[in-house]
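Participant: Sequence:
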Amino acid sequence: AELQKSLELSYLLEFANKNLETLFGINHIHFYQPFLKYTYKNGKKDRHQINFELKLVEEIIGHFKITRDHEFLEEDQRLIKNFLETTLFPLRNAILFEKAKRSALTDPLTGAANRAAFTELFHTSNNYNRNLSLSVLVIDIDNFKSINDTFGHLAGDAMLKIVTKTIVDNIRKSDRVYRIGGEEFFVTMQNTCSAEALKFAERTRSAIAKSTCQYEEHRIKITVSIGVATAGEKEDLGNLFQRADKALYK
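Everything in the sequence shown is counted per the working numbering, starting at 1 for the first residue and increasing by one.
Keep in mind that the hints were calculated from the coordinates and are not lab data. Treat the hints with caution; some may be incorrect.
What the hints assert, rightly or not - Straight-line Cα separation of at most 20 Å, SDA-like style, residue types lysine to any residue; simulated pairs:
| id | residue 1 | residue 2 |
| --- | --- | --- |
| 1 | K165 | L105 |
| 2 | K41 | H123 |
| 3 | K173 | D142 |
| 4 | K101 | H123 |
Working from the sequences, and respecting the hints, build out all of it.
Facilitator: Here it is as structure tokens:
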């Protein structure tokens, strides 16, 4: 019944960890779900390790690495395997739920977070660590309407994909990219001071300027404008966004 209480992966894995610790004396669990690139870790890794792969038909539910300070006997391994198999369907349901959530918050064309994710960000912006400098970028593709009108929407779509990939390639894994309008993007960069944010912005602008969009027989040059803002003390995300947006047009 406990396994049916939640569709959150972290809750189910915390439940599994507590039971494995109680029943088998394990002191470290590592779980990885390859499709979601989701990792859960708990405890300190020890010298004796066993590995399990949970599969449902051909679908990989996840890889478990479990350690403790004394050897795992065959009977221990059998019992642990049996226990993990009881989590198979709850974990699969949680994975499907996570896929659905991500799909609802992802722009299908570019793979960036979408407008709904951007709106959710403002509702949860208190989660940002105020002790770390937060900087944001607002990025707008120059003359995008003219490009759409001249070459067609498929050319515009190809350009959006190139710009998104270039942004992602020039920022850090901890930063997040949102497509918030037709040709407008928003990037959050935590633990980033103003000088660092300006450096990231210039690197991204320069990389995009060096790229071209190949559409049919046309090679279309891409340029962007970028506004940068760094949060002041107690400044909320809405005001920070407005400052970055204004900086875009200076």
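Participant: Which of the listed hints are not met by the structure?
Facilitator: 2 and 3
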